[in-house]
Amino acid sequence: MAGDKASSCGALVLLNCFVSPFGNRVRIALKRKGLPYEEKSENLAAKSQLLLSSNPVHGGKVPVLLVGDKPVCESLVILEFIDEAFPGTGEQLLPAAPCARAHARFWASYVDTKLPGCAVRVWRSPKGASAVEEGKKDMVAVLKTLEAELGGKPYFAGDALGYVDVALVPFAPWFLTYERFGGFSVAAECPAIAAWAERCVKENELVATSLPEPEQVFQFVCAMRKAFGLD
Amino acid sequence: MAVEKNNNGLQLLGFWVSPFAQRCHIALAEKGLSYESLEQDLSNKSELLLRANPVHKKIPVLLHGGRPICESLVILQYLDEAFPEASALLPSDPGARAHARFWAGFVDTKVFECGVRLWKRKAGSEPQVQARKEMVEALRTLDAELGDKPFLAGEAFGFVDVAVVPFAAWLVSYGRLGEFDVEEVCPRLVAWAERCGERESVAKSIHPPEKVWEFVGFLKNKLGDK
Chain G
1 MAGDKASSCG ALVLLNCFVS PFGNRVRIAL KRKGLPYEEK SENLAAKSQL
51 LLSSNPVHGG KVPVLLVGDK PVCESLVILE FIDEAFPGTG EQLLPAAPCA
101 RAHARFWASY VDTKLPGCAV RVWRSPKGAS AVEEGKKDMV AVLKTLEAEL
151 GGKPYFAGDA LGYVDVALVP FAPWFLTYER FGGFSVAAEC PAIAAWAERC
201 VKENELVATS LPEPEQVFQF VCAMRKAFGL D
Chain R
1 MAVEKNNNGL QLLGFWVSPF AQRCHIALAE KGLSYESLEQ DLSNKSELLL
51 RANPVHKKIP VLLHGGRPIC ESLVILQYLD EAFPEASALL PSDPGARAHA
101 RFWAGFVDTK VFECGVRLWK RKAGSEPQVQ ARKEMVEALR TLDAELGDKP
151 FLAGEAFGFV DVAVVPFAAW LVSYGRLGEF DVEEVCPRLV AWAERCGERE
201 SVAKSIHPPE KVWEFVGFLK NKLGDK
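Protein chains in written order, with the UniProt record's numbering: chain G, 1 to 231; chain R, 1 to 226.
There may be inaccurate statements among the hints.
[Unchecked claim] If you want a taste of the chain G side facing chain R, the calculated C-beta under 8 angstroms gives, among others: (1) Lys70; (2) Arg101; (3) Asp138.
[Stated by the list, open to error] Label-pair restraints from in silico Cβ distances: (4) R:Pro208 / G:Glu38: 47 to 57 angstroms; (5) G:Pro154 / R:Glu39: 34 to 44 angstroms; (6) G:Pro191 / R:Glu179: 50 to 60 angstroms; (7) G:Ala96 / R:Ser46: 42 to 52 angstroms; (8) R:Asp225 / G:Lys70: 38 to 48 angstroms; (9) G:Val120 / R:Lys133: 14 to 24 angstroms; (10) R:Lys133 / G:Ser48: 25 to 35 angstroms; (11) R:Gly224 / G:Glu149: 28 to 38 angstroms; (12) G:Ala131 / R:Lys122: 53 to 63 angstroms.
It should be emphasised that the hints constitute simulated quantities derived from the structure, not laboratory data. Nothing here was measured: the structure is a model prediction, and the numbers come from that model. Ideal Cβ positions, reconstructed from N, Cα and C, are used throughout, including at glycine.
Just chain G, with the same shape it has in the complex (with noise of 0.2 angstroms):
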């Protein structure tokens, strides 16, 4: 049982902030397996020593899964940690044959790898700075990349939400502050994906339970402007 598999592992805690896309990932991968959870949410201007002594190496940042109270740092780990360490629950979240999984783990580090990096340039940049054109230019090439991989298929794993899209999806709240600072329409850019952001929400009720609504994000990220005096 789910519960008794967590149990023997430890009481899981999630330690999250709302709208991080990296702590949202690990949200919809433990309510997919099925698997109970606490939350503790922080407050990045001011973390938690909890937090601080979890994840040492890099100051603290969410997300951290402690299980007991051993903590598992970075997003695509912990997905892979919950895959592994509970195989007998829910559903695996990376496909079965390796070269399948090979393609999933290349995809989701291209989203790290890329996205996060163009868009701390459009949302985190003094207002009118270059670096906001540039960020929303390769914004865009990198989500079109994406809308190419995703081709006609309803989800980057094929006809229900795998690896690639748990990865992807926490982003889909933030496009509304991107489109705002960067001057651009996700929708109009790259309707695939817009349509498929739309589609995990609808379709899979743990993402619509997992995610912030757009205007939470912006009036967050809009307060952080604030605090760094960017505008």
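Once you have looked at the hints, place chain R on chain G.
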């Protein structure tokens, strides 16, 4: 044997000094898998490379029966999964596997990326000085993680060691670019690097630090800030 005669259908597109390609050479050797090594000219990329990795156009690329697998850490995990009978790189315990993946990722994001800034940005400029601080911190962190263990993976050479050891040949270069004493910053890592160098898989895959330094000079000239 028929399987070995055709190199297990394995080809590796690499570049001699690339630590990422070297990870794959070491992994294949550790697993006792024969393969065809295809050195690439990165100043004039082949059709084969561009078709195999259209997204990044980078090496290493592993071709297995013609099918491409890209990204060194993805390749390493693929080798474990496609060749389960050959000695495993990753441990079997999920917690230990997570630990291994975490530290392999650390090297990519904290050491390699920082290293690029060290040679690329103008010596003494603000970003370069920042990169020096970050490199020292990253190496001290790795040194502490190694601790008193013989290998990063523990008692035996494993996945993290394969992921990190190609960067050992870059330590001299990092120290010179960053103006710090490598032996003082990460003494245990230096000893570990020597220990790893005694393994055949490592010895035949990585190049001497002075050769790397020469290459860094070439990179600085070609791509560094003027």
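- [ ] Please name the hints from earlier in the document that this structure breaks, with their numbers sorted from lowest to highest.
- [x] 3, 7 and 12
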